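K.L.:
Read off the chains here:
Protein chains: 2
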Amino acid sequence: MNTTIKDIAKKAGVSYATVSRALNGKYGVNPSTREEIIKLAEDMNYSPNAIARGLVKRQTHTVGLIIPDITNPFFPEVARGAEDLLEKKGYSVFLCNSNWEKNRENKYINLLIEKRVDGLVIAPSSSIVTDSDRKQFARLPVVLMSGVQAGCGTDSVVLNNIKGGFIAGKYLLEKGRRKFCFIGGSEDSFSVMERYEGFMKALEGYGSSVISQDYVKFGDYREKSGYRIMKSLILEKKIPDAVFASNDLLALGAIQAISEEGFRMPEDIAVIGFDNIAPASFRGVELTTVEHPKYRMGELAVSMLLERIEDPEKRGKEERLVLDPELIIRRTA
Amino acid sequence: MNTTIKDIAKKAGVSYATVSRALNGKYGVNPSTREEIIKLAEDMNYSPNAIARGLVKRQTHTVGLIIPDITNPFFPEVARGAEDLLEKKGYSVFLCNSNWEKNRENKYINLLIEKRVDGLVIAPSSSIVTDSDRKQFARLPVVLMSGVQAGCGTDSVVLNNIKGGFIAGKYLLEKGRRKFCFIGGSEDSFSVMERYEGFMKALEGYGSSVISQDYVKFGDYREKSGYRIMKSLILEKKIPDAVFASNDLLALGAIQAISEEGFRMPEDIAVIGFDNIAPASFRGVELTTVEHPKYRMGELAVSMLLERIEDPEKRGKEERLVLDPELIIRRTA
DNA sequence: GTAAAGTTTGTAAACGTTTACTATACTTGT
DNA sequence: ACAAGTATAGTAAACGTTTACAAACTTTAC
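Quick note, the sequences are listed as chains D and P, same order. Sequential numbering from 1 applies to the first sequence in the working numbering. Sequential numbering from 334 applies to the second sequence in the working numbering.
In case anyone wonders, no lab produced these hints; they're calculated from the structure. What you are looking at is a predicted structure, and each value in this text was computed from that prediction instead of being measured. One or more hints might be untrue.
Said to hold, decoys possible - With a cut-off of at most 30 Å between alpha-carbon atoms, the simulated DSSO-like pairs for lysine-lysine come out as follows:
#, chain 1, residue 1, chain 2, residue 2
1, P, Lys557, D, Lys88
2, D, Lys107, P, Lys422
3, P, Lys390, P, Lys372
4, P, Lys435, D, Lys89
5, P, Lys468, D, Lys89
6, P, Lys440, D, Lys224
7, P, Lys496, P, Lys512
8, P, Lys359, D, Lys89
9, D, Lys107, P, Lys339
10, P, Lys557, D, Lys135
11, D, Lys26, D, Lys107
12, P, Lys468, D, Lys102
13, D, Lys135, P, Lys468
14, P, Lys496, D, Lys6
15, P, Lys440, D, Lys39
16, P, Lys496, D, Lys57
17, P, Lys468, D, Lys39
18, P, Lys421, D, Lys26
19, D, Lys107, P, Lys508
20, D, Lys11, P, Lys440
21, D, Lys107, P, Lys468
22, D, Lys57, P, Lys557
Stated by the list, open to error - Going by beta-carbon spacing under 10 Å, a handful of chain D positions derived as facing chain P:
#, residue
23, Asp43
24, Met44
25, Ala52
26, Arg58
27, Pro76
28, Glu87
29, Asn106
30, Tyr108
31, Ile113
32, Arg134
33, Glu260
34, Gly262
35, Arg264
Here a beta-carbon is modelled for each residue, glycine too, at the ideal position from N, C-alpha and C.
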């Protein structure tokens with residue numbers, strides 16, 4: 001069994017209140033007894049029980065981080081940004097993969113509330129915030145990240161996706177491209193649609209001459225999906241001169257199909273991805289893409305959360321932090 | 334304030350022991366009262382306090398996962414394997430990045446012990462297990478992963494690195510390569526040295542004619558390091574016909590240097606990496622490498638840990654699970 | 001009709017802390 | 001020498017559960 005404060009008290013011949021005070025550096029205990037107690041604690045291999053402390057203090061110094069999938073190269077950086085700041089502030093973090101399932105996400109939210117985390121950072125599996133979500137979010141500070149609609153009723157930190165799509169489209173246009181293709185992840189995804197919207201906005205004025213609806217395709221967020229979409233487009237003899245994918249994985253898949261079919265990049269077809277995940281910068285890939293400050297996003301989300309945990313005043317104002325994207329020009333466009 | 338069991342008891346007009354029993358599906362409460370209590374709990378938005386429960390049951394259904402860096406593409410898969418199984422078993426997981434710092438790792442171990450996790454899965458930042466480690470590990474079930482020496486005194490799941498190095502060397506030899514280069518991460522890393530050892534074993538009988546000491550280089554585990562090492566080797570006119578890197582990131586860096594310098598792969602120089610991280614399979618990369626069952630490793634480590642948590646009998650036997658590597662032949666060798 | 005057994009409920013202690021309140025023993029200043 | 005203040009320590013309640021034990025009531029069996 002673990003040593004407790006009472007064991008120490010007994011050995012030191014004092015009450016356990018004194019031990020608590022001594023160990024927590026509180027005012028009002030004789031320096032010599034304090035010293036003795038600290039030494040005793042060390043000798044007895046004492047480790048304070050954070051569970052018991054959490055019960056009385058009603059806070060656990062723990063937060064939950066719910067993301068769709070840590071295996072998706074977008075999220076490790078977000079997680080790292082979050083964790084680094086949390087660690088510095090003395091918090092621990094529960095990692096939860098929702099696996100893009102609303103159901104698993106909800107189960108986790110409930111579980112974390114039961115475990116009395118001090119707050120929640122969520123990169124939601126789906127853009128829509130349900131009533132049941134809202135009910136849960138009322139119980140504790142929550143900050144949403146990435147792909148969250150304005151007016152969702154919760155604090156959030158997001159990317160300016162519209163701008164991201166816009167700068168990609170604008171660049172391609174300036175490079176003289178005139179036959180565009182858009183490959184998106186899920187049509188239900190808010191951020192995908194925003195990127196699409198921004199992209200189309202850049203193309204305004206050029207109208208349907210530069211992008212026709214059968215060059216706009218949706219799948220899931222995976223490489224394979226980008227590959228399949230691009231491949232079948234090419235096989236149908238629909239050859240664009242520029243492809244904008246709503247994320248890098250999709251773009252990577254598209255690249256694979258494009259080079260398999262013998263087209264050169266960017267000469268024949270230019271490709272721009274989104275997010276600037278690590279593999280995008282590898283030699284032999286060198287994907288032109290839109291930078292998404294992932295680490296920063298995780299960090300900011302946590303910083304907002306901590307503010308709200310520490311100061312209840314700041315809660316419920318539905319603040320929205322918007323990060324700026326940036327075009328990273330490499331080989332493929 | 335959150336609803337407690339007592340609030341429910343008051344409203345239902347029963348003692349709170351009864352509420353506890355009802356909610357936990359324990360034997361011995363009248364079906365109709367139980368139903369009423371459950372309904373009441375729902376209406377009152379009751380969420381059981383896992384902290385309080387943890388205090389009395391002396392278990393938290395929580396484990397800690399300490400890894401060097403979730404941003405390193407090796408670890409997300411490990412983490413996912415761990416988390417998937419834990420989730421299924423009703424456990425939550427603390428994610429901790431040691432950032433390869435022994436100091437941060439130790440801080441985390443202490444913190445997690447304070448938070449009374451039921452067990453720990455650690456991918457250590459350094460291969461050596463110190464006395465202070467051992468002292469902490471005696472307090473709770475611990476399973477070590479990856480790069481852990483036999484005889485370290487703790488249960489572990491590892492890869493057969495020697496075999497991994499061996500099959501890489503053997504394959505290269507069979508392909509007629511005769512001028513080898515080895516690029517390793519830290520020399521202090523046990524798994525790097527094992528991979529080296531296996532590699533050299535394959536080359537036995539050929540002796541120093543095929544690999545000289547100035548073709549054996551160490552750096553850190555990052556892409557940049559592989560790039561730098563390979564680049565300077567080539568600039569010194571030391572041109573091997575085969576490179577074996579102790580991990581894929583290093584190999585990716587080496588590839589970059591090699592193609593920048595105008596050599597063809599595998600014709601001029603063959604490259605084999607290690608771990609088979611996701612980017613290794615991308616088009617334009619297609620790195621030949623040694624598969625490391627990462628997801629499985631996370632899963633197995635957790636499964637061992639859970640065994641030990643649930644059955645104290647199984648503790649302290651220093652069991653060692655060894656996974657088998659496998660050569661994945663792609664473009665670069 | 002009653003003893004035995006079973007069902008349902010309540011009481012109270014325990015888990016390991018923190019902390020408000022109280023009590024005692026020293027210091028000071030006058 | 002004594003009132004007032006200060007430094008140090010102790011007591012006990014609280015945090016929200018679970019659970020051993022006891023109590024009350026209901027069935028069942030004969």
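K.L.:
For each hint, tell me whether it holds in the structure or not.
P.N.:
Each hint tested on the structure:
no. : hint                : result
1   : P:Lys557 x D:Lys88  : holds (27 Å)
2   : D:Lys107 x P:Lys422 : holds (13 Å)
3   : P:Lys390 x P:Lys372 : holds (26 Å)
4   : P:Lys435 x D:Lys89  : holds (19 Å)
5   : P:Lys468 x D:Lys89  : holds (27 Å)
6   : P:Lys440 x D:Lys224 : violated (41 Å)
7   : P:Lys496 x P:Lys512 : holds (21 Å)
8   : P:Lys359 x D:Lys89  : violated (41 Å)
9   : D:Lys107 x P:Lys339 : holds (25 Å)
10  : P:Lys557 x D:Lys135 : violated (48 Å)
11  : D:Lys26 x D:Lys107  : violated (40 Å)
12  : P:Lys468 x D:Lys102 : violated (42 Å)
13  : D:Lys135 x P:Lys468 : violated (45 Å)
14  : P:Lys496 x D:Lys6   : violated (53 Å)
15  : P:Lys440 x D:Lys39  : holds (20 Å)
16  : P:Lys496 x D:Lys57  : violated (52 Å)
17  : P:Lys468 x D:Lys39  : holds (18 Å)
18  : P:Lys421 x D:Lys26  : violated (43 Å)
19  : D:Lys107 x P:Lys508 : violated (53 Å)
20  : D:Lys11 x P:Lys440  : holds (27 Å)
21  : D:Lys107 x P:Lys468 : violated (36 Å)
22  : D:Lys57 x P:Lys557  : violated (47 Å)
23  : Asp43               : violated (13 Å)
24  : Met44               : violated (13 Å)
25  : Ala52               : holds (6 Å)
26  : Arg58               : holds (9 Å)
27  : Pro76               : holds (5 Å)
28  : Glu87               : holds (8 Å)
29  : Asn106              : violated (13 Å)
30  : Tyr108              : holds (8 Å)
31  : Ile113              : holds (5 Å)
32  : Arg134              : violated (13 Å)
33  : Glu260              : holds (8 Å)
34  : Gly262              : violated (13 Å)
35  : Arg264              : violated (13 Å)
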